[in-house]
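Peer 1: Residue numbers (this note's numbering), protein chains in the order written: chain A, 69 to 183; chain B, 169 to 282.
Note that these hints are calculated values from the structure, not bench results.
It is possible that part of the hints are untrue.
Computed, partial: chain B to chain A, Cβ under 10 Å [stated by the list, open to error]:
no. : residue
1   : F213
2   : F237
3   : F258
Distance windows between CB atoms, simulated [said to hold, decoys possible]:
no. : chain 1 : residue 1 : chain 2 : residue 2 : range
4   : B       : L229      : A       : S71       : 19 to 25 Å
5   : B       : I180      : A       : S148      : 26 to 32 Å
6   : B       : L251      : A       : N109      : 47 to 53 Å
7   : A       : T145      : B       : S233      : 22 to 28 Å
8   : A       : S138      : B       : I180      : 47 to 53 Å
9   : A       : G84       : B       : G264      : 36 to 42 Å
10  : B       : S247      : A       : K126      : 28 to 34 Å
11  : A       : H78       : B       : G226      : 25 to 31 Å
12  : A       : N129      : B       : S195      : 22 to 28 Å
13  : B       : V282      : A       : E134      : 44 to 50 Å
14  : A       : D130      : B       : L207      : 35 to 41 Å
15  : A       : S94       : B       : S206      : 19 to 25 Å
For each residue, glycine too, the CB sits at the ideal point set by N, CA and C.
Residues per chain are reported as follows:
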Amino acid sequence: AQSVTQLGSHVSVSEGALVLLRCNYSSSVPPYLFWYVQYPNQGLQLLLKYTSAATLVKGINDFEAEFKKSETSFHLTKPSAHMSDAAEYFCAVSDRGFGNEKLTFGTGTRLTIIP
Amino acid sequence: DSGVTQTPKHLITATGQRVTLRCSPRSGDLSVYWYQQSLDQGLQFLIQYYNGEERAKGNILERFSAQQFPDLHSELNLSSLELGDSALYFCASSVGVTGRDGYTFGSGTRLTVV
Numbered sequence: 069a070q071s072v073t074q075l076g077s078h079v080s081v082s083e084g085a086l087v088l089l090r091c092n093y094s095s096s097v098p099p100y101l102f103w104y105v106q107y108p109n110q111g112l113q114l115l116l117k118y119t120s121a122a123t124l125v126k127g128i129n130d131f132e133a134e135f136k137k138s139e140t141s142f143h144l145t146k147p148s149a150h151m152s153d154a155a156e157y158f159c160a161v162s163d164r165g166f167g168n169e170k171l172t173f174g175t176g177t178r179l180t181i182i183p
Numbered sequence: 169d170s171g172v173t174q175t176p177k178h179l180i181t182a183t184g185q186r187v188t189l190r191c192s193p194r195s196g197d198l199s200v201y202w203y204q205q206s207l208d209q210g211l212q213f214l215i216q217y218y219n220g221e222e223r224a225k226g227n228i229l230e231r232f233s234a235q236q237f238p239d240l241h242s243e244l245n246l247s248s249l250e251l252g253d254s255a256l257y258f259c260a261s262s263v264g265v266t267g268r269d270g271y272t273f274g275s276g277t278r279l280t281v282v
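For reference, chain A alone in the conformation it holds in the complex:
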């Protein structure tokens, strides 16, 4: 079964600094990959998705992620952190195989922004 590993359950960055949240997937066949954000007391909101078009995927709020097959990674970045980015971020994977397409989520990374 597909799985994703998010390195670092907590990440702190200063306002204006680069945000880098790490995600690695386990599959020999490139899956569909997603990043979701969860603000306090809210549901998950889709940030961006990779479905085998461009390897650099742009999402909402200036976030982007790059699919690297050689590293089985799909790290999330944002050039300049804003206070409003404080939230929990989840990487998710969906197998391309028929009958096993549900999303499997990583354990999440809580992002804290330091003023």
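Place chain B on chain A using the hints.
Peer 2: For chain B alone, kept in the frame of chain A given last:
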């Protein structure tokens, strides 16, 4: 507003009781998914329905059951509740049967078992 509606938002009940959580998918979406989010287990997939039929099953306990009705809304029934069932329960929906386009999530039902 994501378009996925979950009710109630909060639920407090006693151990041994039974509750029903309700979800209305986004207009046009045929698949409904249920997830449980707890501090120790993270986001766990419970079950998926597609156009009224059970499509996939995850780590759903036998005390839990779900169904999707002809109008596509779904209900998750939790019975013989235990303290450990306290969690956030999310419903999500998608157009098709696969996850390739991602899901749209509701804002969740927070269940507290006392």
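Peer 1: Are the hints correct? Go through all of them and say.
Peer 2: Consistency of the hints with the structure:
1. The restraint placing F213 of chain B at the interface with chain A holds, with a minimum CB-CB distance near 6 Å, inside the 10 Å limit.
2. The interface hint given for F237 of chain B is violated, since its Cβ lies 21 Å from the closest Cβ of chain A, which is over the 10 Å cut-off.
3. Given the 10 Å rule on beta carbons, the hint for F258 of chain B holds: about 6 Å separates it from the nearest Cβ of chain A.
4. One distance hint, 19 to 25 Å for the beta-carbon pair L229 of chain B and S71 of chain A, holds here, with the actual separation near 22 Å.
5. Range check, I180 of chain B to S148 of chain A: Cβ separation about 42 Å, and the 26 to 32 Å hint is violated.
6. Between L251 of chain B and N109 of chain A the CB atoms are about 22 Å apart, so this pair departs from the stated range of 47 to 53 Å.
7. A hinted range of 22 to 28 Å is violated for the C-beta pair T145 of chain A and S233 of chain B, which are about 42 Å apart.
8. Taking 47 to 53 Å as the suggested C-beta distance range, the pair S138 of chain A and I180 of chain B conforms, at roughly 50 Å.
9. Remark: the range hint 36 to 42 Å for G84 of chain A to G264 of chain B is upheld by a beta-carbon distance near 40 Å.
10. Taking 28 to 34 Å as the suggested C-beta distance range, the pair S247 of chain B and K126 of chain A does not conform, at roughly 45 Å.
11. Separation of H78 of chain A from G226 of chain B is about 27 Å and conforms to the stated range, judged on CB atoms against 25 to 31 Å.
12. Range check, N129 of chain A to S195 of chain B: about 25 Å between beta-carbon atoms, so the 22 to 28 Å window is met.
13. For V282 of chain B and E134 of chain A, the hinted distance range of 44 to 50 Å is satisfied, since their beta carbons lie about 46 Å from each other.
14. As the Cβ distance of D130 of chain A to L207 of chain B is approximately 30 Å, the hint placing it in 35 to 41 Å is violated.
15. For the pair S94 of chain A and S206 of chain B, the supplied restraint of 19 to 25 Å holds, since their beta-carbon distance comes to about 23 Å.
In summary, the structure is inconsistent with hints 2, 5, 6, 7, 10, 14 from the numbered list given earlier, while agreeing with the others.
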